[in-house]
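Enquirer: Fit chain S to the known structure of chain E by using the hints.
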Amino acid sequence: TQLLEQSPQFLSIQEGENLTVYCNSSSVFSSLQWYRQEPGEGPVLLVTVVTGGEVKKLKRLTFQFGDARKDSSLHITAAQTGDTGLYLCAGPVKAGNMLTFGGGTRLMVKP
Amino acid sequence: DAEITQSPRHKITETGRQVTLACHQTWNHNNMFWYRQDLGHGLRLIHYSYGVQDTNKGEVSDGYSVSRSNTEDLPLTLESAASSQTSVYFCATRRGVNTEAFFGQGTRLTVV
Chain E
1 TQLLEQSPQF LSIQEGENLT VYCNSSSVFS SLQWYRQEPG EGPVLLVTVV
51 TGGEVKKLKR LTFQFGDARK DSSLHITAAQ TGDTGLYLCA GPVKAGNMLT
101 FGGGTRLMVK P
Chain S
1 DAEITQSPRH KITETGRQVT LACHQTWNHN NMFWYRQDLG HGLRLIHYSY
51 GVQDTNKGEV SDGYSVSRSN TEDLPLTLES AASSQTSVYF CATRRGVNTE
101 AFFGQGTRLT VV
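Protein sequence lines, in the order shown, are assigned to chains E and S. Residue numbers are given in the working numbering: position 59 of the first sequence equals residue 59, and the series is strictly consecutive. Residue numbers are given in the working numbering: position 70 of the second sequence equals residue 70, and the series is strictly consecutive.
The shape of chain E in the complex, shown without the other chains (with noise of 0.2 Å):
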């Protein structure tokens, strides 16, 4: 069992379509990133949240941690294909540096 569980594990919409993606725990975590991955290439950081409640917005992507620091999520506002890709959600394990990361969420923006 993950520590982290994202929701929906694949998407499939078209271009100008709105999204949500979720990322969910039953523990409490210091701060949460999000990154995305595209076919061969190594996750890119897109954010970090370290606030509960805390909100961020890079261009149409809106980021919100939750209030209790258990869960985040992230909005894309009217997808372009150059979304497509593997949306990862992290957050730190014992007080250290180490890096969970969920299943991930694939999405996939068709013209």
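Mixed in with the good hints, there may be bad ones.
Claimed, not checked - The calculated lysine to any residue pairs, modelled on SDA-like cross-linking and capped at a C-alpha distance of 20 Å, are:
hint: 1; chain 1: E; residue 1: K59; chain 2: E; residue 2: S73
hint: 2; chain 1: S; residue 1: K11; chain 2: S; residue 2: D38
hint: 3; chain 1: E; residue 1: K94; chain 2: S; residue 2: D1
hint: 4; chain 1: E; residue 1: K57; chain 2: S; residue 2: T99
hint: 5; chain 1: E; residue 1: K94; chain 2: S; residue 2: G58
hint: 6; chain 1: S; residue 1: K11; chain 2: S; residue 2: S80
hint: 7; chain 1: E; residue 1: K94; chain 2: S; residue 2: V60
hint: 8; chain 1: E; residue 1: K57; chain 2: E; residue 2: G82
hint: 9; chain 1: E; residue 1: K94; chain 2: S; residue 2: S80
hint: 10; chain 1: E; residue 1: K57; chain 2: S; residue 2: N98
hint: 11; chain 1: S; residue 1: K11; chain 2: E; residue 2: P39
hint: 12; chain 1: S; residue 1: K57; chain 2: E; residue 2: V93
hint: 13; chain 1: E; residue 1: K94; chain 2: S; residue 2: N30
hint: 14; chain 1: E; residue 1: K56; chain 2: E; residue 2: P39
Derived by calculation from the structure, the hints in this document are not laboratory data.
Expert: For chain S alone, coordinates are given in the frame of chain E:
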């Protein structure tokens, strides 16, 4: 620019052989990590190191070992490769808590 590189990018090996995957970073970070990525499982931690001569087991460490003789390198060794170890392996480094983790491009390992 600082970077993290993995080699080889692709490898096919036979069951029972010893295999070593290389990871080299020029960020000068103390923290280095090895993950494996399989469909449906995301990234799972194999081993990690917080500095020279320090190594620790992650959640899926059986059959794997690492050594840290300098800051730049953390090679991952599969002692006796098994088909269950067919996967994509990623090395990562980060400066500290709440900082960005930088990943290599991955090594696709196939055990036949």
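Enquirer: Mind checking the alpha carbons of E:K94 and S:D1 for me, to see if they're no more than 20 Å apart?
Expert: violated, 31 Å
Enquirer: Within 20 Å, alpha carbon to alpha carbon, are S:K57 and E:V93?
Expert: Given that 20 Å is the threshold and the Cα spacing comes to 13 Å, the pair holds.
Enquirer: Just to be careful, I want the Cα atoms of E:K94 and S:G58 compared with a cutoff of 20 Å; is the pair within it?
Expert: Holds, because 11 Å separates the two Cα atoms, which is no more than 20 Å.
Enquirer: Does E:K94 pair with S:N30 here, judged by a C-alpha cut-off of 20 Å?
Expert: holds, 17 Å
Enquirer: For the pair supplied as a hint, E:K57 and S:T99, is the alpha-carbon distance within the 20 Å limit?
Expert: holds, 18 Å
Enquirer: Regarding the pair E:K59 and E:S73, is the alpha-carbon distance no greater than 20 Å?
Expert: Distance ~15 Å between E:K59 and E:S73 Cα, so the pair holds.
Enquirer: E:K57 and S:N98 were given as a pair; does the straight-line alpha-carbon distance stay at or below 20 Å?
Expert: holds, 18 Å
Enquirer: Assess, step by step, whether the Cα of E:K94 is no farther than 20 Å from the Cα of S:S80, and give holds or violated.
Expert: violated, 30 Å
Enquirer: Check whether the Cα positions of S:K11 and S:D38 lie no farther apart than 20 Å.
Expert: holds, 16 Å
Enquirer: Checking one constraint from the list: CA of E:K94 to CA of S:V60, max 20 Å. Satisfied?
Expert: holds, 16 Å
Enquirer: Does the structure keep S:K11 and S:S80 at a Cα separation of 20 Å or less?
Expert: holds, 15 Å
Enquirer: Holds or violated: E:K56 and E:P39, Cα atoms, limit 20 Å.
Expert: Not satisfied, since the Cα-Cα distance of roughly 26 Å exceeds 20 Å.
Hint check: violations occur at hints 3, 9, 14; the rest are consistent with the structure.
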